[in-house]
Amino acid sequence: MQKPRTNRFVQLLLSLGLVLVTGIAAIAQGTLTKGVVKDAKTGEPLIGARVQVKGTDKGTVTGIDGSFNLPVEQGQTLVISSLGYTLKEVKVAGESVNVALQEDTKALSEVVVVGYGTQSQKAVSSAVTSVNPSELKGIPAPSPDQLLQGKASGVQIAAASGTPGGGIFVRIRGNTSINASNEPLYVVDGVFINNQSLSGLSLGGQTTNPLADLNPADIESIEILKDANATAIYGARGANGVVLISTKRGKTNAGTKINFQTYAGIAKAPKIFETVNAQQEAELINETFINDGGNPTLVPFRPKSEGGLGLPEEQTTYSRIPDVFQTALTQSYDLSASGGGESNRFFLGGGYFKQEGIVKPAAFERFSGRFNYDHLVNNRLTIGTSTTVSYSRRNQSRNDNSAQGVINSALYVPTYLPVYNQDGSYARHSIFDNHLALIDNLNIKGESSRLITNLYGEYELVDGLTFKSSWSLDYNNYADKVYNNTQISVGLPAGNASRTDTRLVSLLNEQLLTYNKRFGNDHFLNVLLGNTLQQTKYNTLSLTGRNFPSDDFQEIASSSLQTGSTNSSQNGLVSFFSRAGYTYKDRYSVDGSVRADASSRFGAANRWGIFPSLGTSWIISEEAFAQDLPFDLIKLRANIGLTGNQNGINDFASLGLWRAGRNYDGLPGISHQQLANPDLKWETTRQWNIGLDLALLQNRLKFEANYYNKYTKDLLLEVPVAAKTGFSSVFENLGEISNKGVELNIASTNIERDDFTWTTSLNVARNVNRIEKLPIPINQHSRDWVRMEEGGSVYAFWVYKQLYVDPQTGDAVYDDVDKNGVITVADRQIVANAAPDFFGGLNNQVNYKRFDFGALFYFEYGNDILNLNRFFMEHGGTRNGSITFLPGQLDRWQQPGDVTDIPRLTRFGNNYNLPSSLYIEDGSFLRLRSVTVGYTVPTELLNRYKVANLRLYVSGTNLWTLTNYSGLDPEVNVAGDNQNVRGIDHAVVPQPRTFQAGLNVTF
Amino acid sequence: MKNILNNYKVLALALVVSLSSCDSILEPQPRLDISSEFAITDKRGAEAALLGAYSELQSNNYYGLEYPAQAYLSADEADWSGSFNFYQQFDLNAIPAENSTIKSVWSQIYRVINVSNNLIDKVPAIQDRNLTDVQRQKILGEAYFLRALAYFDLGRAWGGVPLVLQPTVDKNSGKGIKRASREQTYAQVLADLEQAELLLPALTVRSRASKEAVWALKARLYLYQQNWEKAEAFASLVLNSGKSRLVQPYSAFYTGKLTEESILELVYDNADRNSHANYWLTSSRGGRYEWKPSAGITQDLRNPAVGGSRSALIGSQVNNGSETVYGQKYTKVATGEDGAFILRIAEQYLIRAEARLKRNNLAGGLADLNEVRKRAELQPFVTADLNAALLAVEQERKVELAFEGHRWFDLIRTGRAAAVLGIADANKFLFPIPNSEILADPDLGPEDQNPGY
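Here the protein sequences line up with chains W and H, keeping their order.
Be aware that the first sequence starts at 29, since it is given in the working numbering, and climbs by one per residue.
Be aware that the second sequence starts at 366, since it is given in the working numbering, and climbs by one per residue.
Hints are computed from structural coordinates only; laboratory data are not their basis.
Mixed in with the good hints, there may be bad ones.
[Stated by the list, open to error] In silico EDC-like links for lysine to aspartate or glutamate, alpha-carbon gap of 16 Å or less:
#, chain 1, residue 1, chain 2, residue 2
1, W, K299, W, D351
2, W, K829, W, D812
3, H, K487, H, E402
4, W, K565, H, E392
5, W, K877, W, E968
6, H, K536, W, D707
7, W, K332, H, E402
8, H, K536, W, E746
9, H, K503, H, E402
10, W, K829, W, D843
11, W, K82, W, E780
12, H, K622, W, E123
13, W, K509, W, E583
14, H, K503, H, D456
15, W, K473, W, E583
Use the sequences and the hints to build the structure in full.
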C-alpha cells in the first residue's frame, strides 16, 4: 500500500530538485574578447577571477596570468569578480579589456551573527543557518517560529494543530532528552526569553505558543545555531540549539522612513470529517448485536412497534460536523518609523494582528509595540535599548483529547441521535456535549502580557577592546479566564468559573568584554569574555468559583463557593564564558569557547558544569593549488563541543520534599512529594560536526553540507521506582540518547538579469535518533501508545501488530511475539515511528520586471501517524450507541471468505479492544506551503504622493498537499503538551488553507 | 590613561555587584514544600502528616473514585457506558496488566502506607512538650488503622502484596521486600488493627478512625477469613456500642454528611472533591456518564419487594421517548461533597447476619438481616432454610451496599462469583499486578504476576 506512493513521492521530489540545475547551463557564443584582470593596488594579475557577461549565463575564469578569452558582443557589459575584491562592471568596446579590481575590505568583514556577537563569515566553523525574514512574507502565522518551516535544514517545525496562536513543535537536530526540555533556546536582542506555555488550562492536549507574543514584522534576521561550537557559548542551555532573533533598528544619518504593512485573508479547512449515516450506523449496531449472540428478532433497530428504535432505514441522519467549521478571517497591520541622526538611530513600531480559527469558536489577537534606540554619547560610548511590549488575547476551546471538545461533540456523537430535544433544548448524548451549545457558550479566554526589554551601555576601552554591560527583563503575565455556564456540561449544575494568573519574570545581567584586532595582514584575533547572572521567578494565583445565581453572572465574586490557591518557585544561573578565535591569512581559522554555568537546580556538589568547544575551518579555495578548480569557494569546517541541559525539570528536583495542601476535612495536611537525589547534575551533549561549503559558477550555485553526531548522556530522567515505596519516580542521571544526521542545503541563482531573476533553494535533512541506554521502557499517552525503550527511538508506536483478518472467522489475528498462543502485553511491539526519515523545503523565488513570485514546498517523508479517530470510530461495536463510525468501518468482515483488514464486529474478544497497528498510517506528505505573487508599483507613479515604495501582493498557504494519510491533515499532534508524543491524530483542528492579499508601503 | 583606569573601576564594580548576588540566585528555597527531614518533627507536623494520610486515602485514585469503581464495574452492579476503555476492561473482566486504573490505585494505596509508615516510625520519637501522650497514641492509632485498611484493600483485590513497614527514605528503601501471601497480608492487617485497637479512643468524629472503626474492620476481615465467631463478636461490639444506627430513610446517609449511619466516612468538600458523581451522572446533570447501573441491579432496586426504599438509588430521565437510567448514590457534582462510606452500620448487621447463619443461628441471622430490610421499608424475610437465608443475605448486600464496592469481593470470598457473574476463569478473581510495577520493582519478576495475566 505504501510502496507505489513512495516512488511517486520520490520522483516528484527529484523532478523538483532538477529545476535547480536547469537554469545553470551556459553556452558560449559571439566574438572573442581578450582581457587581463589585475589587482588595482599591486598591479599583479589576478588568478581565478570570474568574468561574466551581464544578464547571461556566459562566463569564464582568468588564467594564471590574469588573462581571459570570452565571446562577447559589442556593447555588452562584463561583470568581473573575485573573492575578496569589489565587483566591477565594464562595457565592452573593442577587442581587449583591462580591468583592475579593488581589494574589498568589506568582504573581509562580512559577518554572521553568533552567540554574544558576530564572527567573520570566513572564520565561522559552525553550522549556522540564517533566515532572511523578507522571504517569510505571505504566511499568515502569528509567531515567527512557524514561519521558519522548510527554511532551515535540520530544523523540524510543525504546528500541533490549526488553532491560531497554538503550540509549535520546533526541533533542531533531534531530541536530546526525555524529561528535560528539547526546545531550543530563544534569544531576542540578547535576552533569553521564555518559551514555555504559561497557560494552566488543559484543553485536550494543545498548548499556547509564547512566541506568538512576538510580532514577526519586527524581525530583521533569524540565525539558528545548530552545532556545539556555535551553542557551547550558551553552555547549559545550548544542547537543543539556539535561535537568535534580531529585531529591526534604524540607520544613522538616514532621515525618517515610515512603513506601513497590512494584509487580510480568509482560511478554510481543506477537508472536513465524514462519518457513516444513520442507517449505516443502525445496521452496524444490529450486526454487532447478532454477531455477539443476540436474538436476531430483538436487534436494537427493529420496528418501534416491537419495542425497538425503529428500522435502520427509518432513522434520520443528523449532521453536525459542518456546524463547527467556519471560514475564518485574518487581518494584520503594522506601522513603523525608523531612521536616525548623527548620533542616534531608532525604530518605533506598532502592530495589530487578529486571526480566527477554522473551528469555532477560536481566535487570536495581538497588539504589539517595539522601540529600539541606540545613542552614541561620544565616539567611545554607546547606550541603547531594545524593547517590545505586547498584549495578546486568545479565545480558546476544547478539542483533541477532550470529551467536552467542540470537534469531539460533533464528530463522535451517533448520527441517528438528534441535536435538539423535543422541548427545543440542546440534546446531549453519551459523554459528549452538544456541539452547538459549546460553540455558543464556551467562554475560555487567555490573555498574555509581555515585556521584553534590554538596556545596554557599550564602551570602547582601547582600540579593539570593548566592554558592554546589559540588563534585561522578560516579563510574562498570562491570565486564564474560564466561565462555564449551565448550557454546557462542565458548567452543570450551577455554573463555574476559574481564573489563573501566572507570572514568569526573568532578570538577566550580562557583562561582555570583546577584543577584535588584526595584526598585520595575516593575523586576526578576536576574544570575548563575559559573565551573566539570571534569576527566574514563577508565581501563580488561581481562583475558582462554583454555583452562580444565573448564567448572567460570570465574575468569580458572584459565586457561592470560592477557592483560591497560589504557587511560586524560582531558579537561578550564574555563568562565566569566553570565546577566542584566530584567523591566519583569512584562510585558516580556529576558534573555541568555554562556558561555566552554576544552576540552583542542583546540589552544591554538582552545581557547576563546564562546556567547552573547539572548531576549525579551512578555505581551500584560497590556496594556490585550488585556483584552477571551478569553485569560487571551498571551505571545510569541523568542530566538537559539549553543551548542557537543565531546562524542563522542576526547580527543586534534587531535594527530598513533603508537600502541603494535602488537606482533609478542611484541615491542613502534608504528605511526601519527591524522593531526594543529591547527586543530580546536568545532562551533557557531546556533538561533533563536519561541514563542507562550496560555491561555483560565480557563486550562483552554493552548496552546504553538514554531518553531525550528537551523544547525550546523564539524561535527567524521571526513573520509575517501585510504587511500594509510595513514590512513582525519582529524577536521576540515567539514560543516553544519540542523534546523527546530515543536512544539505543547495541554493542556486538560476537566472540573474536586470529585470529577471530566479533563485531556488532546497534543503533536506535526515536525523536518526537512538535511545542508547534506558534502564526501563517508558510508555506515553493513554493506553501506552508510545514507548521509549533502549535500542529504539523517540516517537515509536507500541502496539499489537494485526497481521490479518482471518477470512473464515473474521477475527483479527495478531502477531504472537512470544509464541505462547495467547495475546498478552508481551506481544506488544514497536511497529512505526512518528519522526520523519527525512524532511525539508524547496523554495523558488522569481522576480520579473516589477513582479515577484515565490513558492515554498515543505515535505516530510517516512513519518507515521496514529489515527486515533479511527481507533475510536472504527470501534467494531464496542462503543455502540455512544460513538458513531467512520466510513472505514463499513469494510468490516461480514461472512466467511471476506478478505479485509477490518475485523468482524463484536464487543468482545480482541478484535477491537487492543491498541492495534490497524490505526497506524503513513503520514508522509509534500505540501505547497505558500505561494506569493507580488507587484511593486513603479516609483514614477508614486513620487507625487511622496511614496518611496509600494508593493501589493496576494498569497495562499497549504493550497496543495500530497499525502496518503486518511485523516484531515498530516501535520497533526494531539499531544502538544507532551514532548515525547508526536503524530497522534485525535479530533485535532486541521491546518487551514488560506488566501490573503496585502500591501507594503514606505514613505 | 586615567580614563582607562576609571573605566576598569566601573568594570570591576559591575563584576562585584553581580558576584555578590550569586548566593541568593543559586540557593532559592522551595515555597510549597519542605525538606523531608523537617516533616513530622513536632506536634503540628505529626497532625498535618496524619491529615495527609487521610488526604491520600480520599484521593480519586483510591476511595474518591477508583477503588470502589473497579470493584462495582467488575461485579454486576455497573455497566460501562463511556469512552475510557480502561474502565470497560473491568466491566468485561478482561483487565490487562497495563490498565492505568490498576496502576493508579495500587500506587495510591502505597502512598497511604508510606505516610502511615512515616508516622509510625517518627511519632514515638517526637520531642515536643505540646504533644500529650493521649494525642501521641491517637495519632499512632490512626496511622496503624490506615495502614491496616490499606493492606486489607490490597489483599482482597490483588492477593498477597509486598509488605513495606518502614518509611521510604531513598530509592533503595523497600529493596528486598517481595510479595507476601494473602494470609501474611491479612495477618499484617490484623496486627496493625490490634495496635490501633489499643491506641484509639471511642468514636467521636465519624470522619476519623476510632475504636469502633477498628472493630468494624476487624469484623469484615474475620468475615473474609471465614472466622465466623470473631466476625460476629466484633460486629456485635460495634452494634452494641450505640455509636451508630440505621438512619431513616435509606437515602439519608448518602444525601447527608457524616450521619449516624457511618462508623468511618471520608468527607469531601469543594476543595477536595469526590469524583464519583461526575462518572455516574448523565451529561445533562453535569456528569460524563462513564457508567450506569446494570439492568439487573436496576430491576432489583426498583422491585418493591427487593429494593424497597433503595429504589432511590436509580435516577431516570426521558429524552425523545427513550429512558436513560443513572445511579444516584453520588450526586453532588456541584460541590464535590459526596462521601466515601468506608464503614457503616448496615454492613455490620449484614456481617453479623452472615456469621450467625454460618454458625447455624438462623433466628439471629434473620433478625439482623431484617433490621436492614426494615429500614428499607421491606417486609421481614422469613425462611426455615439456612441456605436460602444465606442467599437472602447475599441479595441484601447487593442492594443495600450497592455502588460502594462490596459485591465483587463478597462473591469471590463466598465462592459464588463464577456462578453469579458467569466468569469461568478463576484467575480473574484477582486483579493483575500493574505491569509497570513488575518492571520498576527489582523484587518482582514476571513469575510474581497473578496467574492468567
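Here's how the hints hold up against the structure:
{"no.": "1", "hint": "K299(W) to D351(W)", "verdict": "14 Å, holds"}
{"no.": "2", "hint": "K829(W) to D812(W)", "verdict": "14 Å, holds"}
{"no.": "3", "hint": "K487(H) to E402(H)", "verdict": "11 Å, holds"}
{"no.": "4", "hint": "K565(W) to E392(H)", "verdict": "13 Å, holds"}
{"no.": "5", "hint": "K877(W) to E968(W)", "verdict": "15 Å, holds"}
{"no.": "6", "hint": "K536(H) to D707(W)", "verdict": "13 Å, holds"}
{"no.": "7", "hint": "K332(W) to E402(H)", "verdict": "70 Å, violated"}
{"no.": "8", "hint": "K536(H) to E746(W)", "verdict": "12 Å, holds"}
{"no.": "9", "hint": "K503(H) to E402(H)", "verdict": "23 Å, violated"}
{"no.": "10", "hint": "K829(W) to D843(W)", "verdict": "5 Å, holds"}
{"no.": "11", "hint": "K82(W) to E780(W)", "verdict": "8 Å, holds"}
{"no.": "12", "hint": "K622(H) to E123(W)", "verdict": "108 Å, violated"}
{"no.": "13", "hint": "K509(W) to E583(W)", "verdict": "10 Å, holds"}
{"no.": "14", "hint": "K503(H) to D456(H)", "verdict": "40 Å, violated"}
{"no.": "15", "hint": "K473(W) to E583(W)", "verdict": "13 Å, holds"}
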